[in-house]
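Read top to bottom, the protein sequences are chains A and B. Just so you know, we're using my numbering here: the first sequence kicks off at 1 and counts up by one. Just so you know, we're using my numbering here: the second sequence kicks off at 1 and counts up by one.
Please note: incorrect hints may appear among the correct ones.
[As the list claims (entries may be wrong)] Which bits of chain A does chain B cover? Going by a derived footprint, with three or more residues having C-beta under 8 Å, they are:
id: 1; segment: 44-57
id: 2; segment: 60-67
id: 3; segment: 111-123
Hints are computed from structural coordinates only; laboratory data are not their basis. The beta carbon of each residue, even a glycine, is placed where N, CA and C say it ideally should be.
Residue-level listing of the chains:
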Amino acid sequence: EVQLVQSGAEVKKAGESLNISCQASGYTFNDFWIGWVRQMPGKGLECMGVIYPGDSDTRYTPSLLGQVTISADRSINTAYFQWDSLTASDTAIYYCVRLRTKGGSYLDVFDLWGQGTMVTVSS
Amino acid sequence: DIQLTQSPSSLSASLGDRVTMTCRASQSISSYLSWYQQRPGKAPNLLIFAASSLQSGVSSRFSGSGSATDFNLTISSLQPEDFAIYYCQQTYSNPISFGQGTRLEIK
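Between the sequences and the hints, there should be enough to build the whole structure, so can you do that?
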């Protein structure tokens with residue numbers, strides 16, 4: 001089955017670091033861009049950035065540059081979203097997504113979604 | 001950055017109705033517009049890409065139209081599972097952006 005399975009919910013304090021994961025299965029991980037989408041409580045969707053596991057090419061939403069790190073480990077078909085120092089405004093559900101076109105552009109639609117990881121940050 | 005504005009913000013309709021919702025871009029995005037459905041407590045699901053192409057496995061009750069700055073999503077003959085929030089998305093330029101959503105509710 002083609003799927004993305006994300007790590008479980010996290011409760012953290014402001015200033016702490018965090019790494020959440022997304023494991024792909026059922027397709028060739030290296031061939032498709034993987035992205036991360038944030039949904040703050042009761043709000044809409046925001047694309048945070050994307051990575052091409054085949055060569056680790058990474059593109060961030062410009063406003064987020066330097067605040068988070070996206071990475072991938074090809075050996076275990078897993079992508080990561082990392083914070084060095086969380087703030088309360090990072091409280092949200094984070095979805096990993098697969099971009100639709102094999103070997104395509106990083107500007108592409110999201111045809112496969114993980115189940116979401118809820119991150120709660122207390123101040 | 002490209003802004004997407006969806007209208008209406010919310011919409012009430014009855015089972016069997018045909019509904020249309022709109023997404024307007026702040027500049028021309030050609031046909032780089034897609035639509036997603038998000039049911040409560042679930043991840044979004046891709047419905048339409050390239051303005052009018054139906055994603056595999058999606059009901060043909062969903063259709064998309066438009067180009068440049070103005071786009072529509074139409075749902076024919078509403079079913080119970082269609083009551084959800086719908087988001088448009090542009091993939092014309094970085095950053096990829098979404099509209100604020102249209103909530104479709106049962107009348």
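*8 Å C-beta test of the segment 44-57 of chain A against chain B, three or more residues*: Three-residue rule met by the segment 44-57 of chain A, so holds; n is 4.
*Counting residues of the segment 60-67 of chain A that have a beta-carbon nearer than 8 Å to any beta-carbon of chain B, does the count reach 3?*
With 3 residues close enough to chain B, the hint holds.
*At a Cβ distance under 8 Å, does chain B reach at least three residues of the segment 111-123 of chain A?*
Since 5 is at least three, the answer is holds.
In this structure, none of the earlier numbered hints is contradicted; all agree with it.
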